[in-house]
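Undergrad: Kindly produce the complete structure, drawing on both the sequences and the hints.
Chain order of the listed sequences is F and L. For the first sequence, our numbering assigns the number 1 to the initial residue and increments by one for each residue that follows. For the second sequence, our numbering assigns the number 1001 to the initial residue and increments by one for each residue that follows.
It cannot be assumed that every hint is accurate.
What the hints assert, rightly or not - Here are the simulated lysine-lysine pairs, BS3-like style, with alpha carbons at most 27 angstroms apart:
id: 1; chain 1: L; residue 1: K1064; chain 2: L; residue 2: K1014
id: 2; chain 1: F; residue 1: K111; chain 2: F; residue 2: K55
id: 3; chain 1: L; residue 1: K1014; chain 2: F; residue 2: K78
id: 4; chain 1: F; residue 1: K111; chain 2: F; residue 2: K70
id: 5; chain 1: L; residue 1: K1041; chain 2: F; residue 2: K73
id: 6; chain 1: L; residue 1: K1064; chain 2: L; residue 2: K1020
id: 7; chain 1: F; residue 1: K111; chain 2: L; residue 2: K1064
id: 8; chain 1: F; residue 1: K111; chain 2: F; residue 2: K78
id: 9; chain 1: L; residue 1: K1066; chain 2: L; residue 2: K1014
id: 10; chain 1: L; residue 1: K1066; chain 2: F; residue 2: K111
id: 11; chain 1: F; residue 1: K78; chain 2: F; residue 2: K55
id: 12; chain 1: L; residue 1: K1055; chain 2: L; residue 2: K1066
id: 13; chain 1: F; residue 1: K55; chain 2: F; residue 2: K73
id: 14; chain 1: L; residue 1: K1020; chain 2: L; residue 2: K1066
id: 15; chain 1: L; residue 1: K1041; chain 2: F; residue 2: K111
Derived from the structure by calculation, the hints contain no laboratory data.
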Amino acid sequence: AQTVTQSQPEMSVQEAETVTLSCTYDTSENNYYLFWYKQPPSRQMILVIRQEAYKQQNATENRFSVNFQKAAKSFSLKISDSQLGDTAMYFCAFMKSIYSGGGADGLTFGKGTHLIIQP
Amino acid sequence: GAVVSQHPSRVICKSGTSVKIECRSLDFQATTMFWYRQFPKQSLMLMATSNEGSKATYEQGVEKDKFLINHASLTLSTLTVTSAHPEDSSFYICSAVNSGGNTDTQYFGPGTRLTVL
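TA: So, in structure tokens, the structure goes:
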């Protein structure tokens, strides 16, 4: 079984600042995916960014980027030029690769970090 | 593209009754869907994997006779909470995997808030 740990229950930064959310995980799998999801007050889960474990290059999506350290099992999310609309719960999630056998797998989520962007 | 809907968005029922929640993939086919449960101010917990045309796979600790899952078509999975009790009150979220696309990405529905009185 895998576990995902987010050690920051809440973070608050000023608009336009850069913020980093931390995530560590534990698994015995070799092939897997890591995700960051955003859950605003509407509670709709929104995919922010994904990373394939076999890729060494860190994923980036506009203002969002990750620092993936496979050996350390660390997967942090950096948000640059933060905006008021970034205020939300952020969940780090793990999924075993379909190529590990057994078809598509469910996600294991961390407990989340409540990010507040102050004007 | 990749839109998933859930119905109803909110439901209130009396203790002892059964409630059915629908999860639909609107613009893609989904061989596999997932059901999650989220308690207030907590994370999402995987309840079960729903596979079209076969029995669902339940996570440890989830009662399969209480949470009935049916995935009768490639675009619809239903979760029925049978003989609901107040402790079943929660936010239920489904996700779907596009069978014809990127199978490592799940698309989430907007969730259903269940309140059992």
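Undergrad: Does each hint hold? Answer for all of them.
TA: Outcome of the hint check:
A hinted pair counts as satisfied when its Cα atoms are at most 27 angstroms apart, and L:K1064 with L:K1014 qualifies at roughly 21 angstroms. Simply put, F:K111 and F:K55 have alpha-carbon atoms about 25 angstroms apart, close enough for the 27 angstroms limit, and the pair holds. Distance hint between L:K1014 and F:K78 is unfulfilled; the C-alpha atoms sit about 45 angstroms from each other, more than 27 angstroms. Simply put, F:K111 and F:K70 have alpha-carbon atoms about 21 angstroms apart, close enough for the 27 angstroms limit, and the pair holds.
Among the hinted pairs, L:K1041 with F:K73 is consistent with the structure: their alpha-carbon atoms are about 26 angstroms apart, no more than 27 angstroms. Between L:K1064 and L:K1020 the CA atoms are separated by roughly 14 angstroms; this keeps the pair inside 27 angstroms, and the hint holds. Between F:K111 and L:K1064, the direct Cα distance comes to roughly 25 angstroms. Compliance with the 27 angstroms bound is thereby established for this hinted pair. For the suggested pair F:K111 and F:K78, the alpha carbons sit about 18 angstroms apart, so the restraint of at most 27 angstroms is met.
A hinted pair counts as satisfied when its Cα atoms are at most 27 angstroms apart, and L:K1066 with L:K1014 qualifies at roughly 16 angstroms. Simply put, L:K1066 and F:K111 have alpha-carbon atoms about 26 angstroms apart, close enough for the 27 angstroms limit, and the pair holds. Proximity of F:K78 to F:K55 is assessed by CA-CA distance (about 18 angstroms); at most 27 angstroms being required, the pair is judged to hold. With a CA separation close to 15 angstroms, the supplied pair L:K1055 and L:K1066 stays within the 27 angstroms bound.
For the suggested pair F:K55 and F:K73, the alpha carbons sit about 14 angstroms apart, so the restraint of at most 27 angstroms is met. Taking the CA atoms of L:K1020 and L:K1066, the gap is near 12 angstroms; set against the 27 angstroms cutoff, the hint holds. For the proposed pair L:K1041 and F:K111, the alpha carbon gap of about 9 angstroms is at most 27 angstroms, so the pair holds.
In this structure, only the earlier hint numbered 3 is contradicted, and the remaining ones agree with it.
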